[in-house]
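> Sequence:
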Amino acid sequence: MLLALEGIAGAGKSTLRDRLLADAHAKGVPLSHIGQFSWLSRPATHTLIRLRAGHAGNPNQAVEAARQDLILHSRFNLAPALAQGPVLADRFTLSTACLLALLHQQPVDKYVHRLVEPQLVQPQLTVLLTTEPDICQARLRRRATARRFNEYPEAAARLADLYPEAANAWTKTTGLPVLRHPCTTRADLDTLAAACMEYLRAASGPTFPTTEVSR
1 MLLALEGIAG
11 AGKSTLRDRL
21 LADAHAKGVP
31 LSHIGQFSWL
41 SRPATHTLIR
51 LRAGHAGNPN
61 QAVEAARQDL
71 ILHSRFNLAP
81 ALAQGPVLAD
91 RFTLSTACLL
101 ALLHQQPVDK
111 YVHRLVEPQL
121 VQPQLTVLLT
131 TEPDICQARL
141 RRRATARRFN
151 EYPEAAARLA
161 DLYPEAANAW
171 TKTTGLPVLR
181 HPCTTRADLD
191 TLAAACMEYL
201 RAASGPTFPT
211 TEVSR
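Numbering (the numbering used here), first residue to last: 1 to 215.
Fair warning: there could be bad hints in the mix.
No more than 20 Å apart at the CA atoms, straight line, and that leaves these computed lysine to aspartate or glutamate pairs for EDC-like [claimed, not checked]: (1) Lys172 - Asp109; (2) Lys172 - Glu117; (3) Lys110 - Glu64; (4) Lys27 - Asp190.
Hints were generated in silico from the structure; no laboratory data involved.
With the hints as extra help, turn the sequences into a complete structure.
As structure tokens, then:
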């Protein structure tokens, strides 16, 4: 099973990721973690790095680079990892579609449709963290690292609007679910972690342990 975490910077993705990896380890679930891109094609990587830095470039070239990277990611990274157990992706297709829509000022569903390939690995569950942008901005101000262009208030607010649209297009196109919930409080984190672990349990069938392993 592939589970994807999505949302704007500061929404709580890293916090939820770390919680899920810890919970899975405690329950003996071989959950692994993977990033958004494969970085296996030099031309695609060059384009993606420029996109992440805020340089829109040629729209068709940008989409093709994202598609090619996703194909390589699915074939050479995700498929082998999934053969060993469930995988948690920190950002995935929705984040790429939203980045493209932000930079090229086009409807995000256009990019969701372009990035969905029936033969590729798709997340059986996508978790969209809907934490309020003001809370995300406060969290980002506490970080020591420099901000990327999409982490500044105007871009972040636009992305906060794009993600729900992308989620709607994703479910309409693929039929796959998107769980939407903020990650603002400890109770939110507990709720999200429990829901994801339950989904992992259901997807894994009877081989999923129901008690914690001894340490």
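> I'd like to know which numbered hints this structure contradicts. Please list them from smallest to largest.
none
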